[in-house]
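Novice: Take a look at the letters that make up each chain.
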Amino acid sequence: MVVNTIHWFRKGLRLHDNAALRDSIRGSDSLRCIYILDPWFAGSSNVGINRWRFLLQCLEDLDASLRKLNSRLFVIRGQPTDVFPRLFKEWQINRLSYEHDSEPFGKERDAAIQKLASEAGVSSWIIELNGGQPPLTYKRFQALINHMEAVELPAETITAEVIKTCVTPISDDHDDKYGVPSLEELGFETEGLTTAVWPGGETEALMRLERHLERKAWVANFERPRMNANSLLASPTGLSPYLRFGCLSCRLFYFKLTDLYKKVKKNSTPPLSLYGQLLWREFFYTTATNNPCFDKMDGNPVCVQIPWDRNPEALAKWARAGQLRQEGWIHHLARHAVACFLTRGDLWISWEEGMKVFEELLLDADWSVNAGSWMWLSCSSFFQQFFHCYCPVGFGRRTDPNGDYIRRYLPILRAYPAKYIYDPWNAPEDIQKAAKCIIGLHYPKPMVNHAEASRINIERMKQIYQQLSCYRGLGLLATVPVNPNNGTNGSSQVPVGSVEDTSVQDVPPRAERTQSTQKRRHEDALNEGSSKSWRQSK
Amino acid sequence: MKRSLEPSEQQDGGGTSGTVKKKSLKKSQKLRRDKHSEEEGGLHWERLPQEILLHIFQYLPLLDRAYASQVCRGWNQAFHMPELWRCFEFELNQPASSYLKATHPELIKQIIKRHSNHLQYVSFKVDSSRESAEAACDILSQLVNCSLKTLGLISTARPSFMELPKSHFISALTVVFVNSKSLSSLKIDDTPVDDPSLKVLVANNSDTLKLLKMSSCPHVSPAGILCVADQCHGLRELALNYHLLSDELLIALSSEKHVHLEHLRIDVVSENPGQQFHTIKKSSWDAMVRHSPKFNLVMYFFLYEDEFGPFFRDEIPVTHLYFGRSVSKDVLGRVGLTCPRLVELVVCANGLRPLDEELIRIAQRCTQLSAIGLGECEVSCSAFVEFVKMCGDRLTQLSIMEEVLVPDHRYGLDDIHWEVSKHLGRVWFPDMMPTW
Numbered sequence: 001m002v003v004n005t006i007h008w009f010r011k012g013l014r015l016h017d018n019a020a021l022r023d024s025i026r027g028s029d030s031l032r033c034i035y036i037l038d039p040w041f042a043g044s045s046n047v048g049i050n051r052w053r054f055l056l057q058c059l060e061d062l063d064a065s066l067r068k069l070n071s072r073l074f075v076i077r078g079q080p081t082d083v084f085p086r087l088f089k090e091w092q093i094n095r096l097s098y099e100h101d102s103e104p105f106g107k108e109r110d111a112a113i114q115k116l117a118s119e120a121g122v123s124s125w126i127i128e129l130n131g132g133q134p135p136l137t138y139k140r141f142q143a144l145i146n147h148m149e150a151v152e153l154p155a156e157t158i159t160a161e162v163i164k165t166c167v168t169p170i171s172d173d174h175d176d177k178y179g180v181p182s183l184e185e186l187g188f189e190t191e192g193l194t195t196a197v198w199p200g201g202e203t204e205a206l207m208r209l210e211r212h213l214e215r216k217a218w219v220a221n222f223e224r225p226r227m228n229a230n231s232l233l234a235s236p237t238g239l240s241p242y243l244r245f246g247c248l249s250c251r252l253f254y255f256k257l258t259d260l261y262k263k264v265k266k267n268s269t270p271p272l273s274l275y276g277q278l279l280w281r282e283f284f285y286t287t288a289t290n291n292p293c294f295d296k297m298d299g300n301p302v303c304v305q306i307p308w309d310r311n312p313e314a315l316a317k318w319a320r321a322g323q324l325r326q327e328g329w330i331h332h333l334a335r336h337a338v339a340c341f342l343t344r345g346d347l348w349i350s351w352e353e354g355m356k357v358f359e360e361l362l363l364d365a366d367w368s369v370n371a372g373s374w375m376w377l378s379c380s381s382f383f384q385q386f387f388h389c390y391c392p393v394g395f396g397r398r399t400d401p402n403g404d405y406i407r408r409y410l411p412i413l414r415a416y417p418a419k420y421i422y423d424p425w426n427a428p429e430d431i432q433k434a435a436k437c438i439i440g441l442h443y444p445k446p447m448v449n450h451a452e453a454s455r456i457n458i459e460r461m462k463q464i465y466q467q468l469s470c471y472r473g474l475g476l477l478a479t480v481p482v483n484p485n486n487g488t489n490g491s492s493q494v495p496v497g498s499v500e501d502t503s504v505q506d507v508p509p510r511a512e513r514t515q516s517t518q519k520r521r522h523e524d525a526l527n528e529g530s531s532k533s534w535r536q537s538k
Numbered sequence: 001m002k003r004s005l006e007p008s009e010q011q012d013g014g015g016t017s018g019t020v021k022k023k024s025l026k027k028s029q030k031l032r033r034d035k036h037s038e039e040e041g042g043l044h045w046e047r048l049p050q051e052i053l054l055h056i057f058q059y060l061p062l063l064d065r066a067y068a069s070q071v072c073r074g075w076n077q078a079f080h081m082p083e084l085w086r087c088f089e090f091e092l093n094q095p096a097s098s099y100l101k102a103t104h105p106e107l108i109k110q111i112i113k114r115h116s117n118h119l120q121y122v123s124f125k126v127d128s129s130r131e132s133a134e135a136a137c138d139i140l141s142q143l144v145n146c147s148l149k150t151l152g153l154i155s156t157a158r159p160s161f162m163e164l165p166k167s168h169f170i171s172a173l174t175v176v177f178v179n180s181k182s183l184s185s186l187k188i189d190d191t192p193v194d195d196p197s198l199k200v201l202v203a204n205n206s207d208t209l210k211l212l213k214m215s216s217c218p219h220v221s222p223a224g225i226l227c228v229a230d231q232c233h234g235l236r237e238l239a240l241n242y243h244l245l246s247d248e249l250l251i252a253l254s255s256e257k258h259v260h261l262e263h264l265r266i267d268v269v270s271e272n273p274g275q276q277f278h279t280i281k282k283s284s285w286d287a288m289v290r291h292s293p294k295f296n297l298v299m300y301f302f303l304y305e306d307e308f309g310p311f312f313r314d315e316i317p318v319t320h321l322y323f324g325r326s327v328s329k330d331v332l333g334r335v336g337l338t339c340p341r342l343v344e345l346v347v348c349a350n351g352l353r354p355l356d357e358e359l360i361r362i363a364q365r366c367t368q369l370s371a372i373g374l375g376e377c378e379v380s381c382s383a384f385v386e387f388v389k390m391c392g393d394r395l396t397q398l399s400i401m402e403e404v405l406v407p408d409h410r411y412g413l414d415d416i417h418w419e420v421s422k423h424l425g426r427v428w429f430p431d432m433m434p435t436w
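Just so you know, the sequences run in chain order A and B.
Residue numbers for the first sequence, in the numbering used here: 1 to 538.
Residue numbers for the second sequence, in the numbering used here: 1 to 436.
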């Protein structure tokens, strides 16, 4: 029987460590790699131009890599539920493969597609993992990780050898029918668009990975890099957008970090904190996977109901952040400061609003990580202490005393001396005149009096948490409940999670795990979901 | 209650056919009803005693109670029993300024009409809109028949009471002051309350007032609050801003006639950079401690770094200390020297110089310290371990941001939590922030 395969690219936009693709090639006579894109969606969705450009560059890169293997990428315009029946028929497909998407909407969409596929007699090849009860605190998550099996090695890269005799029928008009669209075709205005600070694609990702690992000194001492003015600028070795789009495999990153650490530290066990960036992603994916309301406050079982203010004017002012809009990225500490300012620190605006702005502009904001981080930073979940507020002025002063970051992204303040660049509204009149920027005229006055706002907001947070924890004492720290199963008193606000249960069932949706102290028996593997299981439907 | 039928009843006959029919009709009805009761074990929902209904209703949230009240007359009566209307929280929100639902205006009308004289413990939660604050005042002005014990005015976002014309607010509030005469607990933070209205409060409620929270009430003067302290000898809890604190106030609160003060909360807030603050004499604090040896002094500071001049020069009996902005190393050093009663210390931010010495000194001299929180600060790992060792397991709350700890030759970031856990006697990790 002739086997004609479609591999559907969604997030794993790469040829290295793509187990779903590699496995579905075996025994296939023809292979077509597709990406489904709805051009109308481009215009209406909350996705900014930087993100679209990044995606298109990823697709171009995939296409280029596939060309070297005598294949091509097929970009199909439309919606998956419309597109697939047509393709199944036209190309006589009997095998469909894709990498599992654990986010709630992904799961819903894929369930629909699987149904379509089985109706058309197409077998689906998906790598899937069993779910469980997600751990609700990061510390608990780390404890779980320590007890899990070792991570599997990355799947071999798709090369000519892997492809062997599998062909891709390419028509002469492939570029017209299935070529990667340009930004203009999607309806974007590209005049005045600066060069991408973060070029998309697997090739770029792998290059950056090598450069990232070259910073041996950092890994060797494993010091957290001290924040300075330079850290705030986009790094040429930064990887977060590539992880998000799947141009870089988490597994590959994990193994390369581990190898390097072992080489430099002579075979000692790497600490969990080495994989911080990866673990945080997994943590948020895990907590979000069964919660379609994860990105909202209302109806979200893990989110504290906080009486945020509706203030569109202040929100609009906040959203004009320079670097974020221009480049699609800001340093994570800057994100903390900015998120804190919008929510519990100063403006008391809902984290959902901030999340939407990040979703539009940030290259590395995936659904789970974005929503989860916003909830974390606004102290809406995960039992975080709320006493530490990033003072917008103080934070800047401590990190970048000379104010270079401000000068770069807010050029109107360029001429201010370092002493006043973080609070230009406090500068005496003659200084403002000399800097040719009068506050209130050329640059707006501050939105809030930070001291007053802090005072009010800390009181609000305290009130809310006291209700949650039923704590009636005077301490500030004790108002935050530590144990998720503690102090509920019938309140429906406290997140419920059976965190204290034997957590062998808890598994992160992707197969990212670290060194374990115990090995599981094979028979238990399927129940615990600690191994992958193939699902092949008829 | 089961009612079994005697066979004789059934067989009872006699009389005309008509009456027999009637009798048998009645009997059959009774039969049906009794059969019902037999089947259900004799339960009559409609005959549940009011006391039991009340007890059950008290467990139900308001909406469920309201549904229950629609079932039958008996349950409707139970719904309106006075005991169920002693406590009420009015939630006043506008869709344009809040995501939360508001108490239904019809319900508010009903309460004022039928239950205002039952209300005893009342609070108002308002959002940041002026309309909500106005609605609250409107309700307050109608609570003429109320004898409130507790009143709380709570702004859940921006302080909208401050946007009202002062006279409007005052007149609404004084309705309650004058009519209640037995106010025990009053929370009026962030409101335009003033000295004259405090006088009215005192004139009517001086015997019963136990708790008064009025942080950030800019129209009150030190004289105004002194009047309260002088007359309300039962005052146990007081919260106010530093500009209202005076030596006279502390002396008044320590007079013989006064009960022991349990809790004094003071917010020190900077209105403008470079603001000057007055000092309180050590002797005034000493008098307080002599009079109320167990009292808790909670101080929240929201100052610029260079405004701390007058503070922490003399010994001060503060128990809970929060620095909501950046505080200098120097001031934290002084805290160690002047705060022997310190129980909790929380620091939002400090700077990039390690607080090693200052922490050690606090561990040595603040022997009651059981809770500490550090935000944007720096402490070397060794000093931190030393600190924890000295405090031992009296530290029930230890909340340190991961970024605070600076690795040194003795400890790295990955082994410090074991060291600390050892000395604390429980598993401990620093607080983390997600790295994207």
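Since the hints were made in silico from the structure, they are not lab data.
Just to be clear, a hint being listed does not mean it is correct.
Unchecked claim - Derived lysine-lysine pairs resembling DSS-like cross-links, with alpha carbons at most 27 Å apart:
id, chain 1, residue 1, chain 2, residue 2
1, B, K282, B, K294
2, B, K282, A, K462
3, B, K282, A, K419
4, B, K149, A, K462
5, A, K462, B, K294
6, A, K296, A, K356
7, A, K462, B, K213
8, B, K422, B, K389
9, A, K139, B, K422
10, B, K257, B, K329
Novice: Quick one: which hint numbers does this structure break? Sort them smallest to largest.
Specialist: Hints 2, 3, 10 are the ones this structure does not satisfy, whereas the remaining hints hold.
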